[in-house]
Amino acid sequence: MSVEMLDDGRKRIRAPLSDEDVRQLVAGDVVLVSDTIYAARDAAHKRLIEMLDAGEELPFDPTGQIVYYVGPTPERPGHVIGSAGPTTASRMDKYTPTMLQLGLKGIIGKGGRGPAVRESLKEHTAVYMAALGGGGALAALQIRSQKVIAFEELGPESIREMEVEDLPVWVANDCEGRDYYGQAVAPWRKNELLPEEFHLPART
Amino acid sequence: MAEVRDVDASKITEAVRDLCIQINYTIAEDMVAAVERAREKEESPVARQILDLLIRNQDLAAEGEYPYCQDTGSAVVFIDVGQDVHITGLDLVDAINAGVSHGYTEGYLRGSIVGDPVFERKNTGDNTPAFIHTRIVPGDQITITVDAKGGGSENKGRHAMLKPSDGLEGVTSFVLRAVAEAGPDACPPGIIGVGIGGNFEYCAMLAKRALVRKVGQSNPDPRIADLEADLFEKCNALGIGPQSLGGTQTVLAVHVEMMATHIASLPVAVNIECHAHRSGTKVI
Numbered sequence: 001m002s003v004e005m006l007d008d009g010r011k012r013i014r015a016p017l018s019d020e021d022v023r024q025l026v027a028g029d030v031v032l033v034s035d036t037i038y039a040a041r042d043a044a045h046k047r048l049i050e051m052l053d054a055g056e057e058l059p060f061d062p063t064g065q066i067v068y069y070v071g072p073t074p075e076r077p078g079h080v081i082g083s084a085g086p087t088t089a090s091r092m093d094k095y096t097p098t099m100l101q102l103g104l105k106g107i108i109g110k111g112g113r114g115p116a117v118r119e120s121l122k123e124h125t126a127v128y129m130a131a132l133g134g135g136g137a138l139a140a141l142q143i144r145s146q147k148v149i150a151f152e153e154l155g156p157e158s159i160r161e162m163e164v165e166d167l168p169v170w171v172a173n174d175c176e177g178r179d180y181y182g183q184a185v186a187p188w189r190k191n192e193l194l195p196e197e198f199h200l201p202a203r204t
Numbered sequence: 205m206a207e208v209r210d211v212d213a214s215k216i217t218e219a220v221r222d223l224c225i226q227i228n229y230t231i232a233e234d235m236v237a238a239v240e241r242a243r244e245k246e247e248s249p250v251a252r253q254i255l256d257l258l259i260r261n262q263d264l265a266a267e268g269e270y271p272y273c274q275d276t277g278s279a280v281v282f283i284d285v286g287q288d289v290h291i292t293g294l295d296l297v298d299a300i301n302a303g304v305s306h307g308y309t310e311g312y313l314r315g316s317i318v319g320d321p322v323f324e325r326k327n328t329g330d331n332t333p334a335f336i337h338t339r340i341v342p343g344d345q346i347t348i349t350v351d352a353k354g355g356g357s358e359n360k361g362r363h364a365m366l367k368p369s370d371g372l373e374g375v376t377s378f379v380l381r382a383v384a385e386a387g388p389d390a391c392p393p394g395i396i397g398v399g400i401g402g403n404f405e406y407c408a409m410l411a412k413r414a415l416v417r418k419v420g421q422s423n424p425d426p427r428i429a430d431l432e433a434d435l436f437e438k439c440n441a442l443g444i445g446p447q448s449l450g451g452t453q454t455v456l457a458v459h460v461e462m463m464a465t466h467i468a469s470l471p472v473a474v475n476i477e478c479h480a481h482r483s484g485t486k487v488i
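Note that the protein sequences, when read in sequence, are chains A and H. Just so we're aligned: 168 in this note's numbering is position 168 of the first sequence, and the numbers increase by one with no gaps anywhere. Position in the second sequence counted from 1, then plus 204, gives you this note's numbering.
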């Protein structure tokens, strides 16, 4: 079982994830990610897509896996990794539908996703999760091991296989099209203090 | 005639090196206080949890093992050189870049700079070159401020040449639009640097300089201070909150800098700093 329900309402997940697993993850859920994930960000995604276009085999099989958008700081001697929080996910929007088509089931980043990605998450039954943006030092403590598996020359942007233990994230976009960011802000907007163009539907 | 003071460029290299390391691990007191204030004022329970995590992240980074954020920023260096100073040894730009290189390498900080924006985008490895802003000022001292500027929030910066008829209302709307559209991508709660006036390039510089003011300190001009207070209230009324999960604390401060402008112009620039505000100053 790749999704474990914890007593406090949180859910622990381990890749590989099936469609059935992904359906249990709902926007707003707090999720602890454990075991293997793959680190890849801008330059690595560009390379991956180029490899696909050239008909080459990818350095890892995305089927059922989780990709973490991260470019860590260099590790100090005796440390597994440096700071390792998420980077802005929308920069990967261009590449994400292709990755999902290949069978990728989970993505961890920060910030919102465009409509094409949200649609693609529904189509391929996958989930986008946000980690604590800017919380790089805290994230490092959840990473047990890491090794570069491709594109070493990209430095912080190389692809890494990581073993993590209870990396905390929340589901931002689920496979039913729900958007946690979209739901979260409206109740706190104070229309009465703002010009009309910024008004949101009143709190319910 | 004033006495000319010789300053060896290695002093500049050393100051820049030390600042790069210091600011990435130890968040300055004014910023720590601003996050604590936000934690006290925040009304959303989820947002309070987020702010608690940010405070823990500050504490962990201050232990000196892990930088506050993995994006250890581009090195933005403001250097004010007294006109009675004579710099010896390396030339000024090389001295600053040597400091960045040493600081980022020896401090286990990430190289986040690519050598060109569109051709190869090859990482330079040591976070050089710095973005350097030099001013010649009275006196015989050198004042160096380094801001390690995160890319995610930098990407959400906005610049526009408004019409004079747009007035304050247009400026306010533009600032709010920038903050609203940045949403979670700019890692709120942060500092909003606003430049108003000048010309095209000066306006952007005003916004950048506004970021390195002591967090929450008002502009000395009372009219500008009032505008800052108004923008601060309105930005927080957006309800974006920490990590954009909803809340009352979207920004920690709004700093506005103004300058004279052309009769035809009303330039405005918004430069956003995330909660990973890493800035420090040394005087030589």
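What the hints contain is simulated information worked out from the structure, not anything from laboratory work. Quick caveat: nothing in here was measured; it's all calculated off a predicted structure. Ideal Cβ positions, reconstructed from N, Cα and C, are used throughout, including at glycine. Certain hints may be false.
[To be verified] 20 Å max Cα-Cα, derived SDA-like pairs, lysine to any residue:
id, chain 1, residue 1, chain 2, residue 2
1, A, Lys190, H, Lys245
2, A, Lys94, H, Gly355
3, H, Lys245, A, Ala186
4, A, Lys94, H, Lys486
5, H, Lys326, A, Leu32
6, A, Lys190, H, Arg381
7, A, Lys190, H, Ala441
8, H, Lys486, H, Ala213
9, A, Lys11, H, Gln253
10, A, Lys94, H, Gln253
[Unchecked claim] Stretch-level coverage of chain A by chain H, calculated; a stretch enters the list once three of its residues show a Cβ under 8 Å from a Cβ in chain H:
id, region
11, 8-20
12, 50-62
13, 100-106
14, 122-136
15, 174-185
Chain H over the region 8-20 of chain A, status - at least 3 residues with CB closer than 8 Å
That given contact is violated, which follows from only 0 residues of the region 8-20 of chain A lying within Cβ reach (below 8 Å) of chain H.
Pair hint outcome, Lys190/A versus Arg381/H [Cα-Cα no greater than 20 Å]
The hint holds at about 15 Å.
For Lys486/H and Ala213/H, compute the direct alpha-carbon distance and say whether it is at most 20 Å.
Judged against 20 Å, a Cα distance of about 14 Å means the pair holds.
Is Lys190/A close enough to Ala441/H, meaning Cα to Cα at most 20 Å?
holds, 5 Å
Check whether three or more residues of the region 122-136 of chain A sit with their beta carbon closer than 8 Å to a beta carbon of chain H.
That given contact holds, which follows from 6 residues of the region 122-136 of chain A lying within Cβ reach (below 8 Å) of chain H.
Are the Cα atoms of Lys94/A and Gln253/H separated by 20 Å or less?
violated, 32 Å
Check the hint pairing Lys326/H with Leu32/A against an upper bound of 20 Å on the C-alpha distance.
violated, 34 Å
Please count how many residues of the region 100-106 of chain A have a CB within 8 Å of a CB from chain H and say whether that reaches 3.
It is violated: at least three residues are needed, and the region 100-106 of chain A offers just 0 whose Cβ sits closer than 8 Å to chain H.
Holds or violated: Lys245/H to Ala186/A, with C-alpha atoms at most 20 Å apart:
Since the Cα atoms of Lys245/H and Ala186/A sit roughly 19 Å apart, the hinted pair holds (cutoff 20 Å).
Per-stretch coverage check for the region 50-62 of chain A, three Cβ contacts closer than 8 Å to chain H
violated (count 0)
Proposed proximity, Gln253/H with Lys11/A (alpha carbon, max 20 Å):
Answer holds: Lys11/A to Gln253/H is near 18 Å, not above 20 Å.
Check whether the Cα positions of Lys94/A and Gly355/H lie no farther apart than 20 Å.
Holds: Lys94/A and Gly355/H sit about 19 Å apart, inside 20 Å.
This entry does not satisfy hints 4, 5, 10, 11, 12, 13, going by the numbered hints stated previously.
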